Each structure stands twice: as C-alpha cells, then as structure tokens.
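Trainee: Line order of the protein sequences matches chains A and B.
Take the first sequence: its letter number 376 is residue 376 in the UniProt record's numbering, and every next letter is one higher.
Take the second sequence: its letter number 234 is residue 234 in the UniProt record's numbering, and every next letter is one higher.
Any given hint could be a false lead.
What the hints assert, rightly or not - From chain A, some residues computed to sit far from chain B (all C-beta separations above 10 Å):
1) S16
2) E29
3) D67
4) G196
5) V209
6) D221
7) G282
8) A309
9) P335
10) Q341
11) G342
12) A344
13) A356
14) P369
15) A413
16) A433
Stated by the list, open to error - One-sided and incomplete, this derived list gives chain A residues near chain B with beta-carbon spacing under 8 Å:
17) A321
18) P323
19) D351
These are computed hints drawn from the structure, not numbers from a lab.
Predicted model, so just to flag it, every value in this text is computed and none were measured.
Cβ coordinates follow ideal geometry from the N, Cα and C atoms, glycine included.
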Amino acid sequence: MNGPAPLMALRGVGKSFPGVRALDGVDLEVFAGEVHVILGQNGAGKSTLIRILGGACRPDEGHVEADGRRVAFASPAMAARMGVAVIHQELTAVPHLDLARNIFLGREAAFRNRLGLLDLGAMRAAARRALDAVGLRADVRTEAAALDVAGQQLLEIAKALSQDSRVLVMDEPTASLSVPEAERLFAIIRRLRGEGHGIVYISHRMPEVKALGDRITVMRDGRRVALLRRGEAGADALVAMMVGRAVALSRPPAQTPGAVLLEAEGLSAPGIADASIRLRAGEVVGLAGLVGSGRTELLRALFGAERGAGAVRLGGRPLPADPVRAAAAGLGLVPEDRKRQGLALGRPVRDNLLSASFRRLARRGVAWPARLEREARSLVSRLSIRTAGTGVRVGTLSGGNQQKCVFGRWLSAEARILLLDEPTRGVDVAAKAEIHATIRARAGSGCAVLLVSSELPELIHLCDRAYVLRDGRIVGELAGAALTEAAVLRLAVAQEAQAHAHG
Amino acid sequence: MNALPARIGALLLLALALSLATEGFATATNLLNVLRQASLLFLVASGLTLVIIGGGLDLSVAANLTLSACTAALAFKATGSVAAAVATALGCGLAVGLLNGLLVAVVRVPAFLATYGTLWIASGAAYWLMAGRVVYGFPPALRGLGTGFVLGVPTPVWIMLAVAVAGGAFLFLSAAGREVFFTGANEEAARLSGIPVRRRRILVYGLSGLMCGVAALVYLGRVNAAEAGLGDPLLLPAVAAVLIGGTSLFGGAGGLAGTLVGALILTTVTNGLNLLDVGAAWHPFVTGTIILAALGADALLARRGA
Numbered sequence: 001m002n003g004p005a006p007l008m009a010l011r012g013v014g015k016s017f018p019g020v021r022a023l024d025g026v027d028l029e030v031f032a033g034e035v036h037v038i039l040g041q042n043g044a045g046k047s048t049l050i051r052i053l054g055g056a057c058r059p060d061e062g063h064v065e066a067d068g069r070r071v072a073f074a075s076p077a078m079a080a081r082m083g084v085a086v087i088h089q090e091l092t093a094v095p096h097l098d099l100a101r102n103i104f105l106g107r108e109a110a111f112r113n114r115l116g117l118l119d120l121g122a123m124r125a126a127a128r129r130a131l132d133a134v135g136l137r138a139d140v141r142t143e144a145a146a147l148d149v150a151g152q153q154l155l156e157i158a159k160a161l162s163q164d165s166r167v168l169v170m171d172e173p174t175a176s177l178s179v180p181e182a183e184r185l186f187a188i189i190r191r192l193r194g195e196g197h198g199i200v201y202i203s204h205r206m207p208e209v210k211a212l213g214d215r216i217t218v219m220r221d222g223r224r225v226a227l228l229r230r231g232e233a234g235a236d237a238l239v240a241m242m243v244g245r246a247v248a249l250s251r252p253p254a255q256t257p258g259a260v261l262l263e264a265e266g267l268s269a270p271g272i273a274d275a276s277i278r279l280r281a282g283e284v285v286g287l288a289g290l291v292g293s294g295r296t297e298l299l300r301a302l303f304g305a306e307r308g309a310g311a312v313r314l315g316g317r318p319l320p321a322d323p324v325r326a327a328a329a330g331l332g333l334v335p336e337d338r339k340r341q342g343l344a345l346g347r348p349v350r351d352n353l354l355s356a357s358f359r360r361l362a363r364r365g366v367a368w369p370a371r372l373e374r375e376a377r378s379l380v381s382r383l384s385i386r387t388a389g390t391g392v393r394v395g396t397l398s399g400g401n402q403q404k405c406v407f408g409r410w411l412s413a414e415a416r417i418l419l420l421d422e423p424t425r426g427v428d429v430a431a432k433a434e435i436h437a438t439i440r441a442r443a444g445s446g447c448a449v450l451l452v453s454s455e456l457p458e459l460i461h462l463c464d465r466a467y468v469l470r471d472g473r474i475v476g477e478l479a480g481a482a483l484t485e486a487a488v489l490r491l492a493v494a495q496e497a498q499a500h501a502h503g
Numbered sequence: 001m002n003a004l005p006a007r008i009g010a011l012l013l014l015a016l017a018l019s020l021a022t023e024g025f026a027t028a029t030n031l032l033n034v035l036r037q038a039s040l041l042f043l044v045a046s047g048l049t050l051v052i053i054g055g056g057l058d059l060s061v062a063a064n065l066t067l068s069a070c071t072a073a074l075a076f077k078a079t080g081s082v083a084a085a086v087a088t089a090l091g092c093g094l095a096v097g098l099l100n101g102l103l104v105a106v107v108r109v110p111a112f113l114a115t116y117g118t119l120w121i122a123s124g125a126a127y128w129l130m131a132g133r134v135v136y137g138f139p140p141a142l143r144g145l146g147t148g149f150v151l152g153v154p155t156p157v158w159i160m161l162a163v164a165v166a167g168g169a170f171l172f173l174s175a176a177g178r179e180v181f182f183t184g185a186n187e188e189a190a191r192l193s194g195i196p197v198r199r200r201r202i203l204v205y206g207l208s209g210l211m212c213g214v215a216a217l218v219y220l221g222r223v224n225a226a227e228a229g230l231g232d233p234l235l236l237p238a239v240a241a242v243l244i245g246g247t248s249l250f251g252g253a254g255g256l257a258g259t260l261v262g263a264l265i266l267t268t269v270t271n272g273l274n275l276l277d278v279g280a281a282w283h284p285f286v287t288g289t290i291i292l293a294a295l296g297a298d299a300l301l302a303r304r305g306a
C-alpha cells in the first residue's frame, strides 16, 4: 500500500449475532484529514461497525489496524487510549455529575496536585477550554442533567476532543440539533479535519453527506456495497444503493381537513406559556422551533404528561391532564427519547408494540397470548419491522425498527390523535420513508397528527400547516404556500436576530 | 424465560444427590415435609415476586405476616370464630399492602424506604398488641390449613400450588399482569403508553399484603400459636427465593414458577443439611453461596448470549 497508513482500518471484518450476520467481510479505512461518511439503512451493520471501532465488541473474523499495525481492542477504554472516541447517538453523560467531571470521568488522575488531591480548579479550567471548543456556553459546574439533548451531544464531543482523539466516530450527531447548532458542529468538524483528525460520520441526511463527506462507504445487509469519493454519486443514487431499489419521496396530495379533534387554549406548563392550537381530522400539523423552544413540553402537556394551566379539549369536551385518560381518549405520544421514554428495552418486541393496547385486546381482563401474538405479528408486517420474531428483546433492534415499535403501539391502540416528537430521529432513509408514509396514511384515514421535527425539509414536506414556537410561545402559524423553510426559520430565530442587532 | 429449566434441573440434581447421600431424603414423609416447609416461604415470596417484577420492593412481607397472624389470633380469641380469624388475617395483610401501595404510588416514597418503614410499624404494632403474650390453641378448622392433608398431600402445599397457578395466570394472562411487567421494565415508557401505573403499583402491593395474610393463616394452622416477631426469620429467605428463582431485582422480568423453584431449592438445601447433620451455623453460609452461584451463572449466561 502506498502513501501514509490509515489512522485506523478494518480488514475483512465479520461479526455474527444469534440469527443475524451483522457484518460480512467489511473493509474500512480512515485517513488523517478526512471525513468518512457511512451510509446504510436499518440493520445494515452500522451500529456493529461503530461498536467494533470503539472497542465495545470484537470481530469474529478479520482484524482492526491502527497506524498500519494490527490491534485488538479489548475494551472501549483501550480504544480511547489508541485515540478512538465514539460519540454515541444515545447520550452517555452521567446526569448528576457536573460538566467538568463528566468530561474527565475516569481521567481525574491528570489533575492531581502535589498532595495527590484533585485540583478542581485546573480540571474546571480544562473543561472550560473543552466546552469553548464546541461552543457550549454552560457553566462547567452545572449538572449534565440540566443540559438538553443538543447540549449533551456537544458535551460528548467536547469530551472526545479533550482526549486528544485522532479518530472521532460520530453516530448521527445532528439528529437532535437545530439548524444553527448543526452549522456550528459542521464548522467544528471541518476544523478537526483540517487539524488532521480522521472522522467517521454516520448520517442519513443527504445535504450533510454532500457537504461534509470526503469519502462515502455505503453499507447494506452487513456488507460494503460501495466506496465513493465526494461527488461521485448524487443523493438519489446513494439512496438507491442503500436500499437496493429506488424510493419515491413524493409530496402528499392536499387534504381537506375535517372537524376539530383536539384543541388547546392558553395552555401553560413548565417550558411553555399561553399556547393555543387546533388539530383537525385528516391534518398533519407541524410544530417547529429551535431545540429548547418548548416543542417537547407542548406535546407532553397535550398528552397530560406535564401538568399545567389552561384548557385542552377533545371533540369539545375538556380532557383532564392525565396520560391514562389521554391514551384512553385516543391520543398517542411518540416521545423524543425512545430509549428512556418510549421503550422497555429488556421486554420483547411484542410487549412494546402492545403496551398501550393490552386492555383493548383483553376479553374480560384476559389477554390471551395467541391474540396478542396475532396483533403483534400484524403490526410487524404492517410497519415492516425487521426482527427475528415478536419475542425478541426490542433493545436488540436497530434504531429505525425500535422507533417503528413505538409507532406501532399507537396503531394498535387505534389512536386518533398522534403527537410525534422527532419520530424519524436516528432512523435511516428507508425507514424514514416508511414512517412518513404511515403518518400520511393515518392522516388520510381521519387522524390528526402533530409533528415535531428539527429537520425542516421533513416538516415542510409532511405538514399541511405548522405552528412555530420560540422561547415557549407560539409566535406564528404558517400554512400552504407560506410554509417554507425560510419563513419558519425567520420566526424561530427572530429573538436571536434581534439580540444580534441590539448587541 | 430466565433459565427456568436450568433451575429445575439444579433442583432435581440436588434432590438426586441427597437421595444418594442420605437414607432419609427420598422418603414420602420427608419429601412432603419439604413441600410443606417450602409452602410458607413461597406464600411470603409470591407477593414479593409480583412487587419486584413491577419495579418495586416490599421489605414488609415478614412483618406483615407477623401482624396478620397476631391480629387473627386475637380476633379468634375474642370471638371464637374461625371466619373472623380468616377475615382478620386477610384484611390486615391487605391493609398493610395497600398502605405500602399508597406510600409508593401516591405519596411517591421510594419503595425501599416506604416498605422499610411499614416493616417497623407492622412489627411494632404486633409487639404492642401482643404485649409479650403467646396466644395459642386454635380449633381443627384453622389448624387444618397448616397441618391437614387433602388426597394425601398437605393442605398448605395445595394452597401453594393454587397461589402459584392464580398468580401465574395474573402475570401472564391478564392485561393488568402484562402492564405490571412493562411498568417494571420502564416506568416512564409505561406512563407514556397510558398504562395506569399508579393503580398497577397499588394492585401488586395489595396482592403482596394479601399473600402475607394467607401465609399468616397457614402459619397459625401449623404452629398453633402466635407471638410478636414470629415472621422475622422469613424476610431474607423470601428475598432469596425470589432471586434464586430468577426474578430480576430491577423489575420487568421473572415469574412465580421461578420463585416456587427458588423456595424449593432453599428448603431442600436446609433439609439436606439437617439430614447430613451439618450444624445450623452453616446454613446461612450455604444459602449465600447458592444465591451467588445462581445469580453468577445468570450473569455469565447473559454475557455469553449478548
């Protein structure tokens, strides 16, 4: 091999799990100063690839090389010492430790003073530098729990940078970031590339792939199906390679909205103030705004998961703030954080699909296993959930398939009002298209959908109408031709623009 | 689920080894005796199993058994009615269980603290009520629950089987039971699925209390006497039976069949140690070793499977 050795390489790596061939003879090289994008849909093997790169699991076949030498990572800590840092999609900060302690967790020894005690001042100063490098302004003494998802993501990156990692593996880092935050992250990534880091970047967002990727590895069914240089293939071609067939993403025909199903008036709860919205049957309504603008809080308040003041009415009748009543009345919430709020990871796919409908499916309190199984199988096939069976633990499925399980729960419960919080976050292109199709199909059959998405094209693409939130208040409503990315952004960031103008 | 066959295998191996090593083990009298002894332990552990599967903990089970037995004994002495004794035992057990449920689900006291508190309260109430007395001498109708036979099998063994079947049906066949599993596995996901988490919690604590009341009746029937502190030695073995049975202390996984096998393993070991003439001082040591062996084997198997 000519030229410099790659910082890191996988050679003919294979890995099997019970019933699944996760990786099959995969080669991957990461050079200094490149962003190497990995594309692939659910179950293509990306998660396993990341785990092997990060030392969380060992390949059955093939090996890992660092600087051209064969290495065997026995643990994530060893991978970290070799300069590989993985920034996981599921955030790993310790909630009740402050930011400084989170960044230097396990590396406190570097800050011993002459007495052998922890030099907190030095640690905090170093933490400050690390946070500044990613533009996170929070105090280093705040608890990690106080950060929102975007903040925690930046914290993870700061942590990786502070370890002098040469190879950074990022698993959909922008999945929960707002547009300005994502832009800031891209700037950081470009700088790191310039400084000679090698970056492995997993994303499903085509504009990002185009903007950042120097090389692109496309995975399908555990194999590498293509290795491309920047610009060698357009978005359509890439999607086709990932799914092995062409996927049509067409705009829905305009729906004629029906009667008002859900109505909130002057709803206030922690994080939102005086919100009034209306959802009609057959309508997909967007809820736009920056991360932290109160979108999640509004959905939770509508579902009754958060107590607040103001009225929520369902078909004209007041709906008490109680998730049990909300679910019984036909509301369904797909929460933002599917691992913590959506799924019981240790329970089977079946129970996760049916958790909102056990009582509906029971006859005189008896939930016959055969009946549950039939319902679960029908959901698995309706949503094309890729799983070895309904008895498999849901935590072993890929992100997109997990999300379909949360979704399926509300199909099974026959929910008529769907409150969706980032339903396609961390989901690959094909699964995303399937979820989009399901959302439209639900609206087409008379459901009302309220959709939160940080991905503006998705919001514009799916919604008939959208509310824009800023600092916990609804600052505008856009519909039809007026619903454009630019219009949403103008409303969502107006406060920041003003601050700049006055500052 | 939860390597139940492995546990049954371990129990059978244990029984086989004891049959070969001792003359007294494999006799009908001794085996029925083991079953009879296991039944009380199982009854106390059965409700605890439901609570733990639901993501909670009930440290008050043994104290609740004590209080239920003492109040039932006093009720019988005051009225001379077996029906009153039965109603009092079940009522008292249920009441303590519901108190736990309310504390955990409504007041939102962590389960460990709430049931640790009611442990002391129930235990203290029994001391106060009994004031140092031993109440003894019950009629055959009540004694039969502990010492009787039906079709050649001790009555408490029938009760144990009935509770195991009914509890298993609740867990695996009822909508509420499925919801208990889901709640134990992830309470927030359960809440956001519209599962009435609070009601499910109160239900399992109530059932746990009720089982203590049933256990109290079996105890009175067998020992024919009640005094404060009678149930104290059962708390840790009950927890041991649940854990050896493979129910996860973190909630969301387990079952009553496992607890039944766990109670049988513990009782068989004690019985075997007695037959082998091993001093009682060794029993806790052996019990601890078995718990660690069972849970250690689980952890190893889980890692290999992952």
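Trainee: Run every hint past the structure and note whether it holds.
Mentor: A quick look at each hint next to the structure:
Look at S16 (chain A): its CB is around 13 Å from the nearest CB on chain B, clear of 10 Å, so calling it non-interface holds up. Every CB of chain B lies more than 10 Å from the CB of E29 (chain A), the least distance being 29 Å, so the non-interface label holds. Annotated as non-interface, D67 (chain A) keeps its C-beta farther than 10 Å from every C-beta of chain B; the closest such distance is 30 Å. No Cβ of chain B comes within 10 Å of the Cβ of G196 (chain A); the nearest lies about 36 Å off, and the non-interface call holds.
For V209 (chain A), the shortest C-beta to C-beta distance to chain B comes to about 32 Å, beyond the 10 Å cut-off, and the non-interface label holds. Every Cβ of chain B is farther than 10 Å from the Cβ of D221 (chain A); the closest lies at roughly 22 Å, confirming the non-interface assignment. The non-interface label for G282 (chain A) is consistent with chain B: the shortest C-beta to C-beta separation is roughly 23 Å, beyond 10 Å. Interface exclusion of A309 (chain A) from chain B stands, the closest Cβ pair being 21 Å apart, more than 10 Å.
Distance to chain B contradicts P335 (chain A) as a non-interface residue, since its nearest Cβ pair spans about 6 Å, not more than 10 Å. Its beta-carbon lying about 5 Å from the closest one in chain B, Q341 (chain A) breaks the requirement of being farther than 10 Å from that chain. With a least CB separation of 6 Å from chain B, G342 (chain A) falls inside the 10 Å interface cut-off, contrary to its annotation. Residue-level check failed: A344 (chain A) sits 3 Å from the nearest beta carbon of chain B, not beyond 10 Å.
A beta-carbon of chain B comes within 10 Å of the beta-carbon of A356 (chain A); the shortest separation is about 4 Å. The Cβ of P369 (chain A) does not lie farther than 10 Å from every Cβ of chain B; its closest approach is about 7 Å, which violates its non-interface assignment. Non-interface call for A413 (chain A) relative to chain B: violated, since the shortest CB-CB distance, roughly 7 Å, does not exceed 10 Å. Separation of A433 (chain A) from chain B is adequate, the least Cβ-Cβ distance of about 26 Å exceeding the 10 Å criterion.
Taken as an interface hint, A321 (chain A) does not check out: its beta carbon lies about 13 Å from the nearest beta carbon of chain B, beyond 8 Å. Evaluation of the P323 (chain A) hint against chain B yields a held restraint, the C-beta minimum of about 5 Å falling below 8 Å. Using the Cβ-Cβ criterion of 8 Å, the hint placing D351 (chain A) at the interface with chain B is satisfied: the shortest such distance is roughly 6 Å.
Figure legend: structure checked against the earlier numbered hints; hints not met, in rising order: 9, 10, 11, 12, 13, 14, 15, 17.
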